[in-house]
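Enquirer: Based on these hints, arrange chains B and C on the given structure of chain A.
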Amino acid sequence: MTVTEQAAPARTHASTLKATDVVVEFPVGRGQKVHAVSGVSLEVPPGTTLGILGESGCGKSTIGRALIQLPPPDSGSVRLGDLELTELGSRDLRRARARMQIIMQDPVSALNPRRKVKDLVWEGRSIWGHDGETPKEVLVDDMLRSVGLDPEAVRDKHPHELSGGQCQRVCIARALMMDPEVLICDEPVSSLDVSVQAQILNLLETSARSFGLSMVFIAHDVSVVKNISDQVMVMYLGKACEVVPSDEMHRTSVHPYTRLLLASIPGEPQDHPHAQQVSVELPSPLDPPSGCRFRTRCPIATDRCAAEEPRMREIAPGHTVACHHVAVGAGK
Amino acid sequence: MTAPLLEVDDLHTTFRTPRGAMRAVDGVSLSLAAGETLGIVGESGSGKSVLGRTIMGLITNGPTTEVTGSVRLAGVDVHGVKPAGRRELWGTTVAMVFQDPMTSLNPVKRVGLHLTESLRLHKGLSKGAARERAVELLRQVGIPEPARRAGQYPHELSGGMRQRVVIAMALACDPQLLIADEPTTALDVTVQKQILDLLQSLAERLHMATILVSHDLGTVAGRTDRVAVMYAGRVAESAGTDAVFGTPRHPYSQALIESIPSIESRPHSLLATIEGSPPNMLAPPAGCRFAARCRYAVDRCRVEAPALEPRGAAAGSVVACHFPLTAPLHHQHQEVGA
Amino acid sequence: MPMSELTQPEPPLLEAEPPEAAALAPAAGADAPAARPRRTAVLLGAGLTGAGLALLVVGLLAPLVTVATLVLVLVGLVLAGAGGSRLGRAVAGPGFDLTYWLAMAWLVLLVGVALLAPVLPFAEHEDVASTLLEEPFARPDLASEHPLGTNGFGLDLLARSVYGARSSLLIALSAVVIGTIIGGAVGLLAGYFQKSVDRVVGVLTNSLLAVPPLILLIALATVLEPKLRNIAFSLALLTIPSMVRLARATTMAYANREFVVAARALGATRGRIMLRELLPNVLLPIVSLAIVMISILIVAEASLSFLGLGIQPPAPTWGNMIAEGEGDVFQEHPQVVLVPGAFLFLTVFAFNLVGEKARARWDSRSVKL
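Residue numbers (this note's numbering), protein chains in the order written: chain A, 1291 to 1622; chain B, 132 to 469; chain C, 24 to 392.
If we strip away everything but chain A, and leave its shape as in the complex, we get (with noise of 0.2 angstroms):
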């Protein structure tokens, strides 16, 4: 199947994708809290990628259902272009949140199992009228001809008759025909095979190119984010790190946690100063360290670290960090 370049003409019709000071908590009994997110911000300007990475239980999923409120944020604001999504009533919301569309780590659940291909496609334009001069038939074969499928081959197909890369394929077919302004992306190719995974990933950067839209593209993998990234924002236990620009990012990047990641990559020499590690133990979500979240974890941690939360800041153009031990043009 080959990446189709064709499709739509390109459009910049995105509007900025702005979350400030999120915060979800999870209850989890007995009055302890899992602090999934606290207080993140981030921005996605139209037609640009946002990469977030890190291990699992940092919020990086969380945060990504916390952009299309599913479910909304304790606190913190959300906003697509003008549009304050946390103070939505729940019409609104639910045109609102037509307007971004996700893309889970795991296609075949993705599909709800007793419909056919044709269906699911069609699923969001089923949802709100379809009003154009264009069957149906007509826009659904176009729109899995767009992402690689065969529409003759898959249409009257159930999900449990494809294979996974076919099912993401399904599941992006489903979310464009939304014509959505911003994709968020979760692990989507972290269940696939490794052949396959190139596809997918290639499938996104095309399709978000030529459909104009802007991603936030989850994942574990730093050489997958940095890949289709614009900027990739390093998570924590519920914290940002640091936000850097992707392109030189493995030699740029200056905070602990970032390095230890680029130090993990297979066959990576471990030459960073920085990128050591102390401790194995992750902390508990439940009841996280003090001041910095990493410093269990850092090898530059001192008394400072325990005692004051340190702010992200600026040390170049687009590129934030939060650590105390960065000197500011350190990323340079």
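Accuracy of the hints is not assured; some may be wrong.
[Stated by the list, open to error] Straight-line C-alpha distance at most 25 angstroms; calculated DMTMM-like pairs for lysine to aspartate or glutamate: (1) A:Lys1406 <-> A:Asp1382; (2) C:Lys380 <-> C:Asp120; (3) C:Lys218 <-> A:Asp1469; (4) A:Lys1406 <-> C:Glu281; (5) A:Lys1323 <-> B:Glu287; (6) C:Lys218 <-> A:Glu1442; (7) A:Lys1408 <-> B:Glu406; (8) A:Lys1406 <-> A:Glu1345; (9) A:Lys1408 <-> A:Glu1345; (10) A:Lys1408 <-> C:Glu281.
FYI, nobody ran anything at the bench for these hints, they're computed from the structure. What you are looking at is a predicted structure, and each value in this text was computed from that prediction instead of being measured.
Expert: Same frame as chain A, now just chains B and C:
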């Protein structure tokens, strides 16, 4: 030269399914010397996990399974001996580490008990001696405060710690061969590296042969002496690790390595892809199994299955391709194997 | 054991092969070599079945000693069973399950005969006045006018059993339908909304479960007239709690699936998610439970009638027919109890079998997906 520790000869593992015979492993031969490390790489459905389990003797002839060919492990025919003989091999000669550490541990048994049980059974240690050895093993796999950890239950440990415990269990009776089946797939990236480092250093220190089975090329890069790339039940290429990553000779190995995004590549660059998907193992194609997806395939590839042969390369390097590649890979991926 | 993980055998098919490839590759060489062994299997199966059935007929009809009849019948059944499943496997593939098809055949036959009973030439089943001249307690004789014998009033046992099936099945089916609709809807709502809705529903179902079913039925029977509609209603009450629980649990399992999140992201309303995303997935496990539930309710209805709390004689149900064997009657005329008992046993057995099969098929599918 002494006989190799492991000798696999023309091994076939076939599952009888309602839809027909599925040849999961279809004619694999390999050998491994004592202390040597081998990586087996392939995508899902390539038969790599089935191969590992067949070598171990976990998959044997049965009502729905047929195993032909031979597996000789330290001189013992794994599929020729009685089940009791096979059990004797497990732990003392060969041990296995699985993907999900939680399913390998009994949730109601303390960590220490997992280790002491087998020590007392296989090695006849006394209760106190077994306990001492268990703590020593936990220390050996890099668990801090091993004495305290031995008294904890598996759910009190993190994923990485659990996998260390599983590795300690596998080491308990000093096996000569350790088969690690996707040992880090369930773990976080920063922990993956630690576990792989641990396995590597243990193998060196204990002079233990290791087979590392993985779908992730990065896992085996630079960590094993040799790599066998599997595709659709067969070995496509087997050679020294540096050779496979630097100058892959099978088009599949080449395409697989190229399709992984590199940290060095520019953002928004398109990746090389392997079009299509692996063949249906219930009715595999005649000829080379990769032919349908191969960018170099000619008519001969579709009718005549290539044998796994040296084809002019250095000793110990074999490839199953009529037209093996010779040029080194594009520079950006070379450092992966370095 | 260092290899304690060995005790958990992995399924042999570790990795599913991609279906798209399955579609591309023709099922090569599947037919030609298999043809000859298949023909022998068909012949062998047919032969065995024929021999078994012949033995069965001889055993039942020939005037032999009881022991000889028994032996012939048993051997005949075993042979016919073995032959039948061989034949079925050869014709329909290795997945063929003879008992399942026999159970289905029995249910179809029973429902068909019960529906057509008024137009079929059965002897009298209810009107005692018209059977004054018939022989009471006639022995079963397949060749006679009363193939399965008569009861104390000379009423035909076959006819009574068939008419009994009419009321038993009608009551059980309508009770299950009512229970499934109410229980399924309540469970779906509880599973989807959770929180306070779920808590209220939980209290209600638990209190319903806390009352012993037989006592509940007896209490209802004393208050309500023993009419078909009322019995169906009381039995439906029994099915509701388990239906609610299954529907609730299944809904909750699906409500967190990613396709529900995807539907919400598309802007779907709650009603649409419940009806179009969740209901189709919850329905199959519910229906398979409902089939098993039918058999439970048939037994419950029979128990009620046996106690005299159900349909009143002389109108036949399997329960009150069995009750006619009270006292010495059963010892002298076992057919009075054995005939309705056999109907009851076969029907309950068949519904259970079909229900289990449905559950295995539909539930494992949903787990796999």
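Enquirer: Each of the hints needs a verdict: does it hold here or not?
Expert: Status of the hints after comparison with the structure:
no. : hint                    : verdict
1   : A:Lys1406 <-> A:Asp1382 : violated (29 angstroms)
2   : C:Lys380 <-> C:Asp120   : holds (10 angstroms)
3   : C:Lys218 <-> A:Asp1469  : violated (35 angstroms)
4   : A:Lys1406 <-> C:Glu281  : holds (17 angstroms)
5   : A:Lys1323 <-> B:Glu287  : holds (19 angstroms)
6   : C:Lys218 <-> A:Glu1442  : violated (45 angstroms)
7   : A:Lys1408 <-> B:Glu406  : holds (23 angstroms)
8   : A:Lys1406 <-> A:Glu1345 : violated (35 angstroms)
9   : A:Lys1408 <-> A:Glu1345 : violated (35 angstroms)
10  : A:Lys1408 <-> C:Glu281  : holds (19 angstroms)
When the structure is compared with the earlier hints, violations turn up for hints 1, 3, 6, 8, 9 and for no others.
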